[in-house]
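Visitor: Given chain A, work out where chains B and C with the ligands should sit, using these hints.
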Amino acid sequence: MNDLATYNFAYLDEQTKRMIRRAILKAIAIPGYQVPFASREMPMPYGWGTGGVQVTASILGPKDVLKVIDQGADDTTNAVSIRAFFQKVANVAVTTRTKEATIIQTRHRIPEEKLTEGQILVYQVPIPEPLRFLEPRETETRKMHALEEYGLMHVKLYEDIARNGHIATTYAYPVKVEGRYVMDPSPTPKFDNPKMHMSEALQLFGAGREKRIYAVPPYTDVVSLDFDDHPFEIQSFDKPCALCGAEDVYLDEVILDDKGGRMFVCSDTDHCEDRRACGHAGHMLAHQEAAE
Amino acid sequence: MSTLPLLKVNDVSKFYGSRIGCRNVSFELYPGEVLAIVGESGSGKTTLLSCLSTRLMPTSGIVEYHMRDGQYRDLARMGEAERRFLMRTDWGFVHQNPAEGLRMTVSAGANVGERLMAVGDRHYGNIRATASDWLERVEIGVDRIDDQPRAFSGGMRQRLQIARNLVTSPRLVFMDEPTGGLDVSVQARLLDLVRGLVHDLGLAAIIVTHDLAVARLLSHRMMVMKDGAVIEQGLTDRVLDDPREPYTQLLVSSILQV
Amino acid sequence: MATPLVVSEVAKSFTMHLRDGVRRPVVANVSFSVKAGECVVLGGPSGVGKSSILKMLYGNYGVDEGQILMDHDGKLVNLATAEPRTVLEVRRTTLGYVSQFLRVVPRVSALDIVAEPLQARGTPLEEARAHAAELLSKLNLPRELWSLPPATFSGGEQQRVNIARGFITDHKILLLDEPTASLDAKNRAVVVEMIAEKKAKGTALIGIFHDEEVRDAVADRILDVSLFSPRKAAA
Ligand SMILES: Nc1ncnc2c1ncn2[C@@H]1O[C@H](COP(=O)(O)OP(=O)(O)OP(=O)(O)O)[C@@H](O)[C@H]1O
Ligand SMILES: Nc1ncnc2c1ncn2[C@@H]1O[C@H](COP(=O)(O)OP(=O)(O)OP(=O)(O)O)[C@@H](O)[C@H]1O
Ligand SMILES: [Mg+2]
Ligand SMILES: [Mg+2]
Ligand SMILES: [Zn+2]
Numbered sequence: 005m006n007d008l009a010t011y012n013f014a015y016l017d018e019q020t021k022r023m024i025r026r027a028i029l030k031a032i033a034i035p036g037y038q039v040p041f042a043s044r045e046m047p048m049p050y051g052w053g054t055g056g057v058q059v060t061a062s063i064l065g066p067k068d069v070l071k072v073i074d075q076g077a078d079d080t081t082n083a084v085s086i087r088a089f090f091q092k093v094a095n096v097a098v099t100t101r102t103k104e105a106t107i108i109q110t111r112h113r114i115p116e117e118k119l120t121e122g123q124i125l126v127y128q129v130p131i132p133e134p135l136r137f138l139e140p141r142e143t144e145t146r147k148m149h150a151l152e153e154y155g156l157m158h159v160k161l162y163e164d165i166a167r168n169g170h171i172a173t174t175y176a177y178p179v180k181v182e183g184r185y186v187m188d189p190s191p192t193p194k195f196d197n198p199k200m201h202m203s204e205a206l207q208l209f210g211a212g213r214e215k216r217i218y219a220v221p222p223y224t225d226v227v228s229l230d231f232d233d234h235p236f237e238i239q240s241f242d243k244p245c246a247l248c249g250a251e252d253v254y255l256d257e258v259i260l261d262d263k264g265g266r267m268f269v270c271s272d273t274d275h276c277e278d279r280r281a282c283g284h285a286g287h288m289l290a291h292q293e294a295a296e
Numbered sequence: 006m007s008t009l010p011l012l013k014v015n016d017v018s019k020f021y022g023s024r025i026g027c028r029n030v031s032f033e034l035y036p037g038e039v040l041a042i043v044g045e046s047g048s049g050k051t052t053l054l055s056c057l058s059t060r061l062m063p064t065s066g067i068v069e070y071h072m073r074d075g076q077y078r079d080l081a082r083m084g085e086a087e088r089r090f091l092m093r094t095d096w097g098f099v100h101q102n103p104a105e106g107l108r109m110t111v112s113a114g115a116n117v118g119e120r121l122m123a124v125g126d127r128h129y130g131n132i133r134a135t136a137s138d139w140l141e142r143v144e145i146g147v148d149r150i151d152d153q154p155r156a157f158s159g160g161m162r163q164r165l166q167i168a169r170n171l172v173t174s175p176r177l178v179f180m181d182e183p184t185g186g187l188d189v190s191v192q193a194r195l196l197d198l199v200r201g202l203v204h205d206l207g208l209a210a211i212i213v214t215h216d217l218a219v220a221r222l223l224s225h226r227m228m229v230m231k232d233g234a235v236i237e238q239g240l241t242d243r244v245l246d247d248p249r250e251p252y253t254q255l256l257v258s259s260i261l262q263v
Numbered sequence: 005m006a007t008p009l010v011v012s013e014v015a016k017s018f019t020m021h022l023r024d025g026v027r028r029p030v031v032a033n034v035s036f037s038v039k040a041g042e043c044v045v046l047g048g049p050s051g052v053g054k055s056s057i058l059k060m061l062y063g064n065y066g067v068d069e070g071q072i073l074m075d076h077d078g079k080l081v082n083l084a085t086a087e088p089r090t091v092l093e094v095r096r097t098t099l100g101y102v103s104q105f106l107r108v109v110p111r112v113s114a115l116d117i118v119a120e121p122l123q124a125r126g127t128p129l130e131e132a133r134a135h136a137a138e139l140l141s142k143l144n145l146p147r148e149l150w151s152l153p154p155a156t157f158s159g160g161e162q163q164r165v166n167i168a169r170g171f172i173t174d175h176k177i178l179l180l181d182e183p184t185a186s187l188d189a190k191n192r193a194v195v196v197e198m199i200a201e202k203k204a205k206g207t208a209l210i211g212i213f214h215d216e217e218v219r220d221a222v223a224d225r226i227l228d229v230s231l232f233s234p235r236k237a238a239a
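Residue numbers (the working numbering), protein chains in the order written: chain A, 5 to 296; chain B, 6 to 263; chain C, 5 to 239.
These aren't lab readings, by the way, just hints derived from the structure by calculation. Bear in mind the structure is a predicted one, so any value in this text is a computation, not a measurement. Treat the hints with care, since some could be wrong.
Label-pair ranges, simulated between beta-carbon atoms [unchecked claim]: (1) B:Met72 with C:Gly160: 30 to 38 Å; (2) B:Asn29 with C:Asn144: 35 to 43 Å; (3) B:Asp138 with A:Asp232: 17 to 25 Å; (4) C:Glu148 with B:Ala104: 38 to 46 Å; (5) B:Glu85 with A:Pro40: 46 to 54 Å; (6) B:Glu85 with A:Asp79: 49 to 57 Å; (7) A:Glu144 with C:Leu22: 42 to 50 Å; (8) B:Thr8 with C:Arg28: 36 to 44 Å; (9) B:Asn131 with C:Glu138: 36 to 44 Å; (10) B:Arg127 with C:Glu201: 55 to 63 Å; (11) B:Gly47 with C:Glu148: 43 to 51 Å.
Heads up, the beta-carbon is just placed ideally off N, CA and C, and yes, glycines get one too.
Only chain A is shown next, with the shape it has when bound in the complex (with noise of 0.2 Å):
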């Protein structure tokens, strides 16, 4: 296995890595900007992430420690298996531990634990242009963002609000970054965008199929788009979660049983796990330990 590491590290040859880096420095150069590329075939279908795992593999060194989580959670099938793909390819260190990560690719969340200096956050993104909703034309689209020409954006938010009574967009809000493009986050939920805002991370983009690259450098404004008399908030639970009993994180709901069981509890796997290992218990780690 070590050989197929040695033999090409990470997959990709190192003219398309270099192709797919100048891409990504142009793109920390123009925070927000897509970054047009020749993205690659990937042995994966397009909707596992093959922009991203571009990325990945092209930035990926062999020290690196690499995490993959998928809706927050480091054990699906999506997150396991692209995980599997990079220790094969580059045989490089994997956690399931955001604090250790120094790359951490991800589909639809941001880790709870907040990013630091050093760390790479990696989207999966599969529509990068977040005026497609309403200007089909990518002409049009490209002269828009050039040109600053953002009123559609709003238009969206005001249909929102028209149909909804609120802005009831809750993934994918669209953001405005370092007061210039508006971009989309990807699949994130609007929960996460303010972790977006001034982090210490460096965020890259990978569109696979739309071949497209963009980034946040750290440190980076990030506003959320939004209406003076309906402004930006993120969504909020009712209750803590049901394991380890955190609260202003991102709940899942998981079904217990037929029967309507349910609960809620963090998406955000290692967070729950990390919480729990230091003694914090949710109401159904309660229930159980007072059955057992």
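Guide: For chains B and C with the ligands alone, coordinates are given in the frame of chain A:
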């Protein structure tokens, strides 16, 4: 009435390869003035309108616009960002086919509000109130504010397009056959609306039409085009009641009564 | 100025391009002037060019030759060569015209059609309407018609709307093309009285009246348009 023209058009020609779109057109348009451009199919009306509104670059000639800061600017030399800004604030463009001028998949309210949001309006309540107000002005029931124009009749769509264009109080509106494709009674209502708005808002407008009755009702001045050139121009009632050129006489005589 | 209108050596012909370019001379060497408070009536047989002269004065017909000088806000304007927007401005403030027939504007009420010229000069809507109402009642237009668009009115009713519209402003020059033709005796008398009022206010009037009784009542001077017939002028 200001004494400085809003638009100065100097010897504008547009060729499509060797084919003439329009040629050697010169005129000035003053604030509050409504100019009708009439002429047979293929005479270059739309081409001229496109050259004036920067949707097309003229092959030669200059179009200057009197900006709000009092300066004249050569539209061809203006940066694209500025030109587009001008187009969605100080200008309006009403298309013959409303589907071209509207966003068919967003609500009527958002269609009207878009320009406001584009210029930085960030108060949902105010945007909506302004949109309701404009829907009322163009005689679309406020209860239709959340409907998409897909669900509107042709006349309603056209009225919505007008509201969408006028919401930023433009000083100049271009219209290409605004009543084309509408049935007669709907046309009359639309014309009446346009007439009232142009009058109340003191808009300058350039209206392309093949309908002399539309020109008579809406315009102060008219230009008759043939084979790409302006063959006759003047006060609307003068051109219609005392046409000089053979083609204009033909045009006027072929209409029952205008 | 005591003479707000001077017409000098005006000629007009029509070239009928649809009829092999036949040129039809209508009038030539038309010269006259009208003083403030004077009513000049154009006379002569049908087809002699009376209406054509009025239409040239209004800028509605083009002028081949000559000058039509008007005192517009203290400035001298030659209407024969003026730019369209100047003509419109002169019409708005100096020059009124009552045509033979009302040109109806769809969906606008009779009252607003009458009020419009005042409004265009900046009079507030309500005030303009009040004034319009005054004139319409003076001309005996049934009150229930005021709020309706005149498209369905009778000829005489439409004409009274037209007259009211022409008389509502205090333009210094007023052109009248057979304003009384479709009116009954009672309303003709009202118009005669209205013309007298205009004269008293110093308006210069130029009119065409076929009705002798009306003509005699209003005319200070009758100008025989046959004198301007091109053949005579050439002779
Ligand atoms: N994109 C183009 N390429 C080539 N020729 C064109 C193009 N657009 C217009 N033309 C030609 O230029 C001439 C003027 O066309 P234009 O569309 O301006 O006419 P129009 O007066 O608006 O006619 P209509 O009343 O039918 O809309 C026509 O001969 C037309 O075929
Ligand atoms: N727009 C026009 N085009 C062509 N010829 C015209 C036009 N207007 C008037 N004429 C012609 O000019 C001549 C004078 O017409 P005008 O209407 O001025 O006569 P008039 O003296 O007013 O007659 P009437 O007493 O019958 O109203 C007539 O021969 C008429 O046919
Ligand atoms: Mg056209
Ligand atoms: Mg006559
Ligand atoms: Zn938890």
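Visitor: If a hint holds in the structure, say so; if it does not, say that too.
Guide: Hint-by-hint comparison with the structure:
no. : hint                               : in the structure
1   : B:Met72 with C:Gly160: 30 to 38 Å  : violated, 52 Å
2   : B:Asn29 with C:Asn144: 35 to 43 Å  : violated, 55 Å
3   : B:Asp138 with A:Asp232: 17 to 25 Å : holds, 19 Å
4   : C:Glu148 with B:Ala104: 38 to 46 Å : holds, 44 Å
5   : B:Glu85 with A:Pro40: 46 to 54 Å   : violated, 21 Å
6   : B:Glu85 with A:Asp79: 49 to 57 Å   : holds, 51 Å
7   : A:Glu144 with C:Leu22: 42 to 50 Å  : holds, 49 Å
8   : B:Thr8 with C:Arg28: 36 to 44 Å    : holds, 38 Å
9   : B:Asn131 with C:Glu138: 36 to 44 Å : holds, 42 Å
10  : B:Arg127 with C:Glu201: 55 to 63 Å : holds, 59 Å
11  : B:Gly47 with C:Glu148: 43 to 51 Å  : holds, 50 Å
In the structure shown, a violation is registered for the earlier hints numbered 1, 2 and 5, in ascending order.
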